[in-house]
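Quick note, the sequences are listed as chains A and B, same order. First residue of the first sequence: 1, per my numbering; consecutive thereafter. First residue of the second sequence: 200, per my numbering; consecutive thereafter.
Rather than coming from a laboratory, the hints here were simulated on the basis of the structure. Treat each hint with caution, since some may be false.
[What the hints assert, rightly or not] Away from chain B, derived, C-beta distances all over 10 Å, residues of chain A:
#, residue
1, E22
2, A119
3, P136
4, P163
[What the hints assert, rightly or not] Some chain B residues judged to face chain A by a derived CB distance under 7 Å, without partners named:
#, residue
5, E216
6, I219
7, Y256
8, P257
9, K426
This structure is a prediction, so every number in the text was calculated from the model and none was measured. Ideal Cβ placement from N, Cα and C applies to all residues, glycine included.
Residues per chain, in single letters:
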Amino acid sequence: MPPRASGLRDRLSLHAATSKFESAVLEHLDAAHNLTRWLMRNDHDAQDVVQDSCMKALRAFDSFRGGDFRAWFLTIVRNNCFTLLRRNKMSPGDAADQSLDVGAEIAADTEVYDPQAIALRAADVELVRRAIDALPDGLRETLVLREMEGLSYKEIGKIAGVPIGTVMSRLARGRTRLQATLAEMDQPAPRRSAQEGER
Amino acid sequence: MTCDEARQLLHAYIDDELDIATALQMDKHLPGCPRCRRELNAAQAARRAVAQPALYYPAATALRDRMQQAIRSEAEKMQAAPMARIPRPWWKNPMAFSGLAAGLLLVISSALLYLSPAAPSGQVDELVASHVRSLEADHLLDVASTDQHTVKPWFDGKLEFAPPVIDLAPAGFPLIGGRLDYLEQRKVAALIYRRNKHVINLFIWPGDASPQTQVKQGYNLIRFECKGMICWAVSDLNTAELQQFADLFAAQKSPSTRF
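All chains, please: the whole structure from these sequences, using the hints.
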């Protein structure tokens with residue numbers, strides 16, 4: 001239960017509010033970091049954004065009117081990420097770009113991919129990581145919130161600020177793209193190391 | 200259920216986001232359709248690929264500790280200067296209030312400026328996309344009722360405005376239900392009507408606008424004003440009949456042929 005804003009003026013309740021806030025943030029810090037890390041795609045930015053988001057959330061805590069703290073917190077985190085992504089212009093596939101969704105039909109792609117090939121390649125974590133990293137921001141965000149955090153369409157829509165139908169079509173397209181990438185890799189997963197110079 | 204329909208709903212089915220009736224139709228369709236089953240399995244495989252714990256980035260202990268300290272020291276600063284860091288609630292602060300009012304006024308007037316001449320194409324795109332989605336899954340109808348006295352109160356507390364709702368069944372446009380929708384990051388009311396086999400989505404939010412007619416991706420869109428609200432009717436229905444619907448709704452009068 002968040003404190004009413006009027007109670008915050010009181011030192012004691014400010015203290016109580018802070019410790020409530022602290023434990024709520026720490027409880028959802030993994031989710032915040034995971035989302036941020038996937039959106040920013042590097043450790044350094046992710047840490048900065050998480051820290052910045054926590055401070056913003058603390059200052060805005062008296063506007064939190066109860067309900068779902070995780071969704072409220074992740075909304076701040078997510079908006080922070082997108083602000084930075086836009087500013088850095090490091091993402092050509094900007095998810096805030098509504099053209100990403102407009103008129104997009106689910107499963108316009110008629111190809112049906114081989115489930116076994118996908119399952120086989122999924123064992124290569126680095127391969128999957130690169131495939132997810134290659135997705136446009138909006139699709140990546142939706143996949144992370146759905147598959148890793150297990151949020152409902154409604155919760156995701158609330159956090160990303162889009163209608164449920166958009167969540168549905170983004171998930172469909174994100175998953176389909178992953179299927180395509182994983183199923184159509186030429187070489188089997190274990191033999192991949194030569195192409196990528198990493199250990 | 201046809202294959203095409205099943206494929207549209209596949210992901211919502213996997214995620215358990217379909218209403219029971221539609222999920223049951225999927226249950227019935229899948230065993231007899233190897234293609235859809237294969238696609239379902241492929242989607243499940245992609246889902247499992249992303250969900251594997253090795254891909255999760257938990258917050259490192261160092262970050263966790265740093266956050267805890269940062270929160271505490273920031274809270275102390277806020278405590279030391281409570282007036283500076285934690286403003287009094289805005290309704291108790293005359294300065295904030297006037298600022299807020301001025302800000303609101305600016306937002307409202309610029310929104311009016313933005314909206315009134317012609318709808319921006321982004322908005323029209325969103326309207327069409329929203330209409331198309333509403334056809335894809337029946338669960339996007341939040342309240343199913345042909346009774347305007349059920350639909351209207353349903354919006355109470357979900358919106359900051361009360362949309363006009365009227366059943367036009369006597370004129371051949373029965374009310375099917377309502378839905379909460381989002382357009383340009385704001386909540387709007389969507390009323391769903393039917394004309395024979397055609398679905399009409401009527402999007403409503405406060406504001407004023409001149410009448411306008413558009414065609415986009417084969418859908419007809421008509422904008423009109425009703426009781427201080429902007430209304431957009433979107434449908435694959437022909438323009439003449441959609442205009443008739445818009446006129447009836449704008450008048451807020453059901454023809455008296457009600458039995």
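Hints and how they fare:
Distance check on E22(A): its Cβ comes as close as 5 Å (rounded) to a Cβ of chain B, failing to clear the 10 Å threshold; non-interface status is violated. Not every CB of chain B is more than 10 Å from the CB of A119(A) (nearest about 5 Å), against its label as outside the interface. Every C-beta of chain B lies more than 10 Å from that of P136(A), the closest at about 15 Å, which supports listing it as non-interface. Here P163(A) does not stay apart from chain B, with its beta-carbon only about 5 Å from theirs, under the 10 Å limit.
The restraint placing E216(B) at the interface with chain A holds, with a minimum CB-CB distance near 5 Å, inside the 7 Å limit. The interface hint given for I219(B) is broken, as the beta carbon of that residue sits about 16 Å from the closest beta carbon of chain A, more than 7 Å. Checking Y256(B) against chain A: minimum C-beta separation of about 4 Å stays under 7 Å; hint holds. Satisfaction of the interface hint for P257(B) is found here, the shortest Cβ-Cβ separation to chain A being roughly 4 Å, below the 7 Å cut-off.
With 7 Å as the threshold, the beta carbon of K426(B) stays out of range of chain A, its nearest partner Cβ sitting at about 25 Å, so the hint is violated.
In terms of the numbered hints stated before, the structure departs from hints 1, 2, 4, 6 and 9, listed from lowest to highest.
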